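Chemist: If you're matching them up, the sequences are chains A and B in order.
Each residue of the first sequence is one higher than the one before, starting from 392 at the first, in the numbering used here.
Each residue of the second sequence is one higher than the one before, starting from 895 at the first, in the numbering used here.
Worth flagging that the hints you see were computed from the coordinates, not collected in a lab.
Small disclaimer: the values here were computed from a predicted structure and weren't measured.
Don't take every hint at face value.
As the list claims (entries may be wrong) - Label-pair distances were calculated between CB atoms; the ranges are:
id, chain 1, residue 1, chain 2, residue 2, range
1, B, 1120, A, 477, 54 to 62 Å
2, B, 1096, A, 666, 40 to 48 Å
3, A, 463, B, 926, 42 to 50 Å
4, A, 456, B, 1115, 49 to 57 Å
5, B, 958, A, 612, 20 to 28 Å
The C-beta atom is built at its ideal place from N, Cα and C for all residues, glycine as well.
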Amino acid sequence: MTEPLVKVDRLTKLFPVSRGMFRRPVDFIHAVDGVSFEIAPGESLGLVGESGCGKTTTGRLLVKLMEATSGQILMHDDGSMIDVAHIGSDDLRRFRRRVQMIFQDPYESMNPRRTVFDTVSEPLAVQNIGSLREREDRVAQMLQLVGLTPPNTFLFRYPHELSGGQRQRVAIARALVLDPSFVVADEPTSMLDVSIRISIMELMLELADAFDVSYLYITHDLAVARYMCDRIAVMYLGKIVELGDTEEVLSNPLHPYTRALLSAVPVPDPTYRKPPVEIKGGITKAINPPTECRFIERCPWATDVCHSTEHPPLEDKGGGHFVACHLVEKGAG
Amino acid sequence: MTEKIDARPGADEPTDLPPPIISPDSVPDSMWRIRWALFRRSFAHNWKLFRANRVGLVGLAIIGFFALLAIAPTVLFATGIWNSAVYDPVVGLEPNPPVKVMTVVNEITDPETQIDFRHVLLDNRIPNNIQVGEQVEIPQQPAPPDRRHWLGTDPLGRDVLSQLMHGARAAFFLGILAAVVTVIIATTVGSISAYFGGALDSFFMRLADLLIMIPFLAILIVIGAIFEFKLWHLAVVIGLLSGFGGVAIVLKSQALAVKVKPFVDAARVAGGSNAHIIFTHIVPNVMPLSFLYMMFTVTSAIQGEAALSFLGLLNVRISWGLMIQLANTQGYLLQGLRYWWLLFPAGLAVTLISAAFFLVGRAMDEVVNPRLRKR
Chain A
392 MTEPLVKVDR LTKLFPVSRG MFRRPVDFIH AVDGVSFEIA PGESLGLVGE SGCGKTTTGR
452 LLVKLMEATS GQILMHDDGS MIDVAHIGSD DLRRFRRRVQ MIFQDPYESM NPRRTVFDTV
512 SEPLAVQNIG SLREREDRVA QMLQLVGLTP PNTFLFRYPH ELSGGQRQRV AIARALVLDP
572 SFVVADEPTS MLDVSIRISI MELMLELADA FDVSYLYITH DLAVARYMCD RIAVMYLGKI
632 VELGDTEEVL SNPLHPYTRA LLSAVPVPDP TYRKPPVEIK GGITKAINPP TECRFIERCP
692 WATDVCHSTE HPPLEDKGGG HFVACHLVEK GAG
Chain B
895 MTEKIDARPG ADEPTDLPPP IISPDSVPDS MWRIRWALFR RSFAHNWKLF RANRVGLVGL
955 AIIGFFALLA IAPTVLFATG IWNSAVYDPV VGLEPNPPVK VMTVVNEITD PETQIDFRHV
1015 LLDNRIPNNI QVGEQVEIPQ QPAPPDRRHW LGTDPLGRDV LSQLMHGARA AFFLGILAAV
1075 VTVIIATTVG SISAYFGGAL DSFFMRLADL LIMIPFLAIL IVIGAIFEFK LWHLAVVIGL
1135 LSGFGGVAIV LKSQALAVKV KPFVDAARVA GGSNAHIIFT HIVPNVMPLS FLYMMFTVTS
1195 AIQGEAALSF LGLLNVRISW GLMIQLANTQ GYLLQGLRYW WLLFPAGLAV TLISAAFFLV
1255 GRAMDEVVNP RLRKR
C-alpha cells in the first residue's frame, strides 16, 4: 500500500464552555472526538454528517486554522511525514503551500475591496513567489483553468461584479494557485444554485487530476459526496461512525445512522412512500457526552451491550469498510 | 480545456456589469494605471450615491463656501485689495472710523471716568485739557458694517470679515488635524484589539470606557488651565481623546465583524502574517466607517475649540470662539441685536460648519451602509 498523504490519528478538539465566577472552563464541547483516518495521494475523502457534527472543525484543524486539543495530523512532505501540530513558523509557511482550503460561502470568502487578481495572487504574494509580472501570468493561467475566460476581462473585477458560481471558481483558483497537494473543501457547492453545482463539481474533479490534489470534501449532501469522493466517512457528534469506499458505504450501509441518512434522501417518484423513520428523537448532548455509544439515544436497536460498554471503536468489518457499532458483525462488509 | 457553460446560457451571469478594465500586455508598468482606473470608477460610483442625497450636497456646499473664505485672505492681501495694516485680524486697525460728535457739558476732571469708554478708542484722541462747551469727535468702535468693512469692526477697530476668514482657517486646520489623528489611532487600536483580543483588547477597551466617562469639555478646560494650549495641541488632544475613546469602540466592533469573514481565514491558510491580514483585509474594510467618524470628529473639534476660546483657555491668534469671547468680555454680548456683527458671523460660522460636516457624515453613512439607502 502506498504511503498516505494525510494521516489523522485520534484527533480531538474540545471547546471550553466557561461558566460561573472567574470564567473557569468547567465543561467542554466535544466537537471532534478521537477521529482517525487516512487519505491516499490523489484520493478524495468525503466527510458527511449533519449540522454541528464536527465536519467543519475537522477541516479547519487539518489546515491549521485551529489548534487540536490532542491527537496527531501527519502530512506527507518530500518523502517524510511532518507533524502538523508541532510545526515551526518557517515550516508552517511551507506547509501553507501544500495545504489549502475552499470555503462554503462564495459571497464572503473574497474581500469585497480587492479585485480578482488581488485575491488569486494573494497566496503568491504572501509566499513571495515570483515577480509581479509572473504572478499576473500565473493568475491569468489559473483563471483560464477554472473557466473564467478570457482571463483579462475578469482580472480586475470586484467580487460584487461576479455571480456566485464565478466567485466559487475564483476561490478554487486561489486554493490551487500554490499547487497544493491537499485541499479541504468545506461544502463548496452548498450555497450555489443547483444549476451551477454540477459544473463546479466537474471543474473540481478535473482540476484534481490536473493538479494531482487530494480533497477532503466536507458535505451534508450524500449525492454530492457520491459524485465527488472515492471514499466516504460518516460523522456523528464528533466521531466517525462509518468509513469506506463510497459505493460500498452507500449501497451497504451498516451503521444505523448511515441507514437513517440514506433513507432521508428524496426519491424522484411521486408514488414512492417513505418507509417509517427508524431512528428515535433524543440527541446526545455534545457538552461532556457520556462515554457509551454516541448514537445510543437515537438508535432503535440499542441493546444492553451498547448501554454497558464504551463508544464502539471504528473497526474494519471486512473489505476496508469500517463501522463503529457493537451490533455489526465482522465480515458484514 | 473546454469552457464550462451552465445549462441555461446566461443563468450564471449578473446583469449590468460595468465595462471590464482590461489589463494590457505590459503589466508591471501599467499596474498603477489599472489601480487608478479602478479607483476612479469606484469613486464615480460612490459619488453617484452621495449625490442622490440632498442633505449631503448642502453640507458639501457649506464646507466649500468656508473653504473659499479660508483661502480668501491670502488672495486679498497678495493682490493688495486689503492693506494688512488695516485688515490684519489681530493687529489691524481702521484709522478713520465713523465718529460721533459730542459736546462736553460738564468739566472733565478725570476723562477716564467721565466718558463712556465703550465708545472711545484706547488712544489719546481726547485731549486732557478739554473745556466745557467744546466738541469732541469720538470714534465709533465697534462700527457697524459699511463699504470698507462688510461685517463692521470689532471693539478694537479690527475688521470682522477678516477675522471670520482667518477663523475659518483655524477651524479647518483644527478640525482636519483632530479628525486625522482620531481616525489613525482609532482604526489601528480598533483593528488590533479586534484581531488579537485577549489582554490587549481588554486594555484598550477599558481605556476607551475611561475616556468616554470623562466629560469632554471638562477635561479640555483642566488641560487648558494647566498647560499653554495652542491650536495644534488642542487638535492632538481631541484626536487622542476620541481616537482612544468612543471611535475606537465603534471601529473595533466593525473590525470584529470583518475578522470572522472567510476571506480572513483564506488569507491565513495562504500563509499571511498577522500584519498582512490586519493591513490588507481588516483595515481597508474598516476604513469607510473611519471616514464617517472623521466627519463627526471635525464637528466636535470645532465646537470644543469655540467653547475653549470663549473661556479664554486657548492660546490662539484668532478664532471664531475668540471673536465671541472678545464681544463678551467687552460687554457687547448681552446687548441684544444692537451689536449683531460681533456675535452672529462667528456664531453662525461655528454652527454652520459643524452642521455641514455632520450632514456630509450622514450622507456618507448612506454610501457606506447600504441598508440605510432608500430604494
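Chemist: Compare the structure with each hint and give your call.
Modeler: Verification of the supplied hints:
1. B:1120 to A:477: 54 to 62 Å: Because 56 Å falls inside the window, the suggested range holds.
2. B:1096 to A:666: 40 to 48 Å: violated, 56 Å
3. A:463 to B:926: 42 to 50 Å: holds, 48 Å
4. A:456 to B:1115: 49 to 57 Å: Cβ of residue 456 of chain A to Cβ of residue 1115 of chain B: about 50 Å, so the range 49 to 57 Å holds.
5. B:958 to A:612: 20 to 28 Å: Given a distance of about 58 Å, which is not inside 20 to 28 Å, the answer is violated.
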